[in-house]
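Based on the hints, put chain B in the right spot on chain A.
Protein chains: 2
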Amino acid sequence: MVKSYAAMSKGSELELFEFEPEDLEPNKVNIHVESCGICHSDISAIDGSWGKSKYPMVAGHEVIGKIIEVGSNVSLHKIGDRVGLGWHSGYCHNCDYCNAGDHNFCSSTKKTVFSQHGGFAEEVTADEVSVIPIPNGLNHQDAGPLLCGGITVFTPLVEFNITKDNKVGIIGIGGLGHLALKIYKALGCHVTAFTNSDDKNDLLEELGADEIISSTDDSMIKAIESRFDLIISTVNVKLDWNLFLSIIKPRGRLHFVGAVLAPIETSVFSLMGGRKSISGSPVGSPENIKKMLNFCSEHKISPMVEHFKFAQINDAITKLRHNELRFRAVLTW
Amino acid sequence: MVKSYAAMSKGSELELFEFEPEDLEPNKVNIHVESCGICHSDISAIDGSWGKSKYPMVAGHEVIGKIIEVGSNVSLHKIGDRVGLGWHSGYCHNCDYCNAGDHNFCSSTKKTVFSQHGGFAEEVTADEVSVIPIPNGLNHQDAGPLLCGGITVFTPLVEFNITKDNKVGIIGIGGLGHLALKIYKALGCHVTAFTNSDDKNDLLEELGADEIISSTDDSMIKAIESRFDLIISTVNVKLDWNLFLSIIKPRGRLHFVGAVLAPIETSVFSLMGGRKSISGSPVGSPENIKKMLNFCSEHKISPMVEHFKFAQINDAITKLRHNELRFRAVLTW
Numbered sequence: 057m058v059k060s061y062a063a064m065s066k067g068s069e070l071e072l073f074e075f076e077p078e079d080l081e082p083n084k085v086n087i088h089v090e091s092c093g094i095c096h097s098d099i100s101a102i103d104g105s106w107g108k109s110k111y112p113m114v115a116g117h118e119v120i121g122k123i124i125e126v127g128s129n130v131s132l133h134k135i136g137d138r139v140g141l142g143w144h145s146g147y148c149h150n151c152d153y154c155n156a157g158d159h160n161f162c163s164s165t166k167k168t169v170f171s172q173h174g175g176f177a178e179e180v181t182a183d184e185v186s187v188i189p190i191p192n193g194l195n196h197q198d199a200g201p202l203l204c205g206g207i208t209v210f211t212p213l214v215e216f217n218i219t220k221d222n223k224v225g226i227i228g229i230g231g232l233g234h235l236a237l238k239i240y241k242a243l244g245c246h247v248t249a250f251t252n253s254d255d256k257n258d259l260l261e262e263l264g265a266d267e268i269i270s271s272t273d274d275s276m277i278k279a280i281e282s283r284f285d286l287i288i289s290t291v292n293v294k295l296d297w298n299l300f301l302s303i304i305k306p307r308g309r310l311h312f313v314g315a316v317l318a319p320i321e322t323s324v325f326s327l328m329g330g331r332k333s334i335s336g337s338p339v340g341s342p343e344n345i346k347k348m349l350n351f352c353s354e355h356k357i358s359p360m361v362e363h364f365k366f367a368q369i370n371d372a373i374t375k376l377r378h379n380e381l382r383f384r385a386v387l388t389w
Numbered sequence: 057m058v059k060s061y062a063a064m065s066k067g068s069e070l071e072l073f074e075f076e077p078e079d080l081e082p083n084k085v086n087i088h089v090e091s092c093g094i095c096h097s098d099i100s101a102i103d104g105s106w107g108k109s110k111y112p113m114v115a116g117h118e119v120i121g122k123i124i125e126v127g128s129n130v131s132l133h134k135i136g137d138r139v140g141l142g143w144h145s146g147y148c149h150n151c152d153y154c155n156a157g158d159h160n161f162c163s164s165t166k167k168t169v170f171s172q173h174g175g176f177a178e179e180v181t182a183d184e185v186s187v188i189p190i191p192n193g194l195n196h197q198d199a200g201p202l203l204c205g206g207i208t209v210f211t212p213l214v215e216f217n218i219t220k221d222n223k224v225g226i227i228g229i230g231g232l233g234h235l236a237l238k239i240y241k242a243l244g245c246h247v248t249a250f251t252n253s254d255d256k257n258d259l260l261e262e263l264g265a266d267e268i269i270s271s272t273d274d275s276m277i278k279a280i281e282s283r284f285d286l287i288i289s290t291v292n293v294k295l296d297w298n299l300f301l302s303i304i305k306p307r308g309r310l311h312f313v314g315a316v317l318a319p320i321e322t323s324v325f326s327l328m329g330g331r332k333s334i335s336g337s338p339v340g341s342p343e344n345i346k347k348m349l350n351f352c353s354e355h356k357i358s359p360m361v362e363h364f365k366f367a368q369i370n371d372a373i374t375k376l377r378h379n380e381l382r383f384r385a386v387l388t389w
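Note that the protein sequences, when read in sequence, are chains A and B. Just so you know, the first sequence maps onto residues 57 to 389 in our numbering. Just so you know, the second sequence maps onto residues 57 to 389 in our numbering.
There could be a bad hint or two in this list.
Derived Cβ-Cβ restraints for the label pairs, each shown as a range [stated by the list, open to error]:
#, chain 1, residue 1, chain 2, residue 2, range
1, B, 150, A, 219, 21 to 27 Å
2, B, 164, A, 292, 34 to 40 Å
3, A, 149, B, 267, 30 to 36 Å
4, B, 278, A, 74, 42 to 48 Å
5, A, 107, B, 189, 56 to 62 Å
6, A, 112, B, 276, 40 to 46 Å
7, B, 152, A, 279, 17 to 23 Å
8, A, 192, B, 266, 50 to 56 Å
9, B, 293, A, 122, 55 to 61 Å
10, A, 151, B, 293, 31 to 37 Å
11, B, 296, A, 197, 45 to 51 Å
12, A, 155, B, 148, 45 to 51 Å
Cross-link-like lysine to aspartate or glutamate pairs, in silico, EDC-like; alpha carbons within 16 Å at most [stated by the list, open to error]:
#, chain 1, residue 1, chain 2, residue 2
13, B, 346, B, 215
14, B, 375, B, 362
15, B, 305, A, 321
16, B, 294, A, 321
17, B, 365, B, 178
18, A, 294, B, 321
Calculated from the structure, these hints are not laboratory results. Keep in mind the model is a prediction, meaning the values are calculated, not measured. Where is the CB? At the ideal position from N, CA and C, for every residue including glycine.
For reference, chain A alone in the conformation it holds in the complex (with noise of 0.2 Å):
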């Protein structure tokens, strides 16, 4: 049996599941979970806000942890490699997105989460493709959010060729946010961060931002001149968009990683003037969660987490619900 916490019923507190592991499909690993970081969508999973959710419902898609058994046709992986999963834990490998890598795109992805049993577990099973080894220059401990959080503010940099010479803002500074401020400060951007919290500056500064910039200081925002090349939003708030778009230079683009439900509401003529553009991305491919590991190995990137054990799982819960945490919970046995 394999011990989870499951939410038994839409937004329940979590409790301690055990459940029959499946057979190993060929194509699959089974992962030891060593750490397991707690997401916003794990939320969104637990309360059912998607209507997609099964219950008993083990949320968790931010692993790390080691192979501990290989399907018969695994060659991406051996026992004892320590590997990490996320929100994606399978593709269909058979569609033009999947044969061109960009696996995110395939139209048949399993979810971690919505798929089966996922990473709030002692065990988890995934295709191997979708399993990506942790470098050893990683902190592994901390890096658990990196496998969603970061290579969800990772993709635009690869998808629009971002590099040290553009100006990067990002709205929203917590689970998605200070890793997009550590990543493009750490590619050699000039980083401006948007953020309502005046609490975090100090914080903001230590991890790198050229600036802040109160997120809703509309007269404040107003007087930048245009010079953004891309604007990162994390927030799931509904903010003034064609104010930001007004900052943005010609070419560039608002980009969207946070689920915001409200409508985005723009006018044509904050598009048109500067052909600008607004767009939106979910996590990355299995090629681009590499690169970002790598990344992130190479300039010492962790995320800031708090840690927590399995068993004090609904406290962590409770404190991203109340957006107490700093920035990220990561959860371990």
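Frame of chain A, contents of chain B only:
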């Protein structure tokens, strides 16, 4: 004195109006207007819809004509050359954008209809850089609308590296849309026309549309798999943009060239799943206008126009206001 047709007040019928020509500045040329197209933006200028109009308002910014005078520093044109003039009649020549050939992103552009008297006149002056030679192969009697409508729909082709292998959708088949249809078909793309006028179907097939779909038939659009690389919206009405995003491929974009006054409303989830973009662009740079005119000359592309004498300008405007033109009016003296 220069003869022209001007609106003497907001939204009024145009009247014959004569004005004293200014001394020609060193970098400018004076063009004898052979023909001038009428664009929706001219109506906006006449009606004062954008709050920028001064009266008497001489609109008109789809000019074909011959150079009759050159300023002392002009090197790009000589008297007798046949040229075109579009939305921009001048640039600062000092900013990063002008220096990079992206003059249309210059923040100090002069506008043919707002910064001076426009093309509904016997003569019009402009910065030599904003004036583009008309290739010999082009049917110059009908070419006026290329200078605004043509470049507006050609710009996304250049900006987004569209090739014959791409699937393109065009929403709205009018002044801009019919040119988009001709241009993207000439490039070799598979082109789908989204229109709400059934009476255009025969015409659209004649123009080369591979597929014709009602732009307001939601269930028909919903049934399409996600296969478009680029959908260009030329309309000025609000549609269900999330629906159009759902039929766009990963990394594809919904691009606005039509000035919709209603806010663009989308869900961030429509963008995130496939790293999709929404964007907009204005006319184009002088370099791209040249490219577009050469492309149209090479592929024998002419706007489909109805000809009017300048004396009939109010009739032409009335037909445009009632959406009765197929597809653009061109005025001659």
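Status of each hint after checking the structure:
1. Here the CB-CB span from residue 150 of chain B to residue 219 of chain A is close to 26 Å, well matched to the stated 21 to 27 Å.
2. One distance hint, 34 to 40 Å for the beta-carbon pair residue 164 of chain B and residue 292 of chain A, holds here, with the actual separation near 39 Å.
3. Taken as a hint, the range 30 to 36 Å holds for the pair residue 149 of chain A and residue 267 of chain B, whose Cβ atoms sit roughly 31 Å apart.
4. The hint said 42 to 48 Å for the Cβ distance between residue 278 of chain B and residue 74 of chain A, and at roughly 43 Å that hint holds.
5. The given range of 56 to 62 Å is respected by residue 107 of chain A and residue 189 of chain B, whose C-beta atoms sit roughly 59 Å from each other.
6. One distance hint, 40 to 46 Å for the beta-carbon pair residue 112 of chain A and residue 276 of chain B, holds here, with the actual separation near 42 Å.
7. The hint said 17 to 23 Å for the Cβ distance between residue 152 of chain B and residue 279 of chain A, and at roughly 21 Å that hint holds.
8. Take residue 192 of chain A and residue 266 of chain B: their Cβ atoms lie about 54 Å apart, and the range 50 to 56 Å holds.
9. The hinted window of 55 to 61 Å between residue 293 of chain B and residue 122 of chain A holds, with their beta carbons roughly 58 Å apart.
10. A hinted range of 31 to 37 Å holds for the C-beta pair residue 151 of chain A and residue 293 of chain B, which are about 35 Å apart.
11. Here the CB-CB span from residue 296 of chain B to residue 197 of chain A is close to 48 Å, well matched to the stated 45 to 51 Å.
12. A C-beta distance of roughly 48 Å is found between residue 155 of chain A and residue 148 of chain B, which places it inside the suggested range of 45 to 51 Å.
13. With a C-alpha separation of about 15 Å, the suggested pairing of residue 346 of chain B with residue 215 of chain B holds against the 16 Å cut-off.
14. Between residue 375 of chain B and residue 362 of chain B, the direct Cα distance comes to roughly 10 Å. Compliance with the 16 Å bound is thereby established for this hinted pair.
15. The suggested pairing of residue 305 of chain B with residue 321 of chain A is violated, with an alpha-carbon distance near 22 Å, which exceeds 16 Å.
16. Proximity of residue 294 of chain B to residue 321 of chain A is assessed by CA-CA distance (about 12 Å); at most 16 Å being required, the pair is judged to hold.
17. Proposed proximity of residue 365 of chain B and residue 178 of chain B is supported: the alpha carbons are some 12 Å apart, at most 16 Å.
18. The straight-line distance between the Cα atoms of residue 294 of chain A and residue 321 of chain B is roughly 12 Å, inside the 16 Å bound, and the hint therefore holds.
Hint compliance for this structure: hint 15 is the single one not met.
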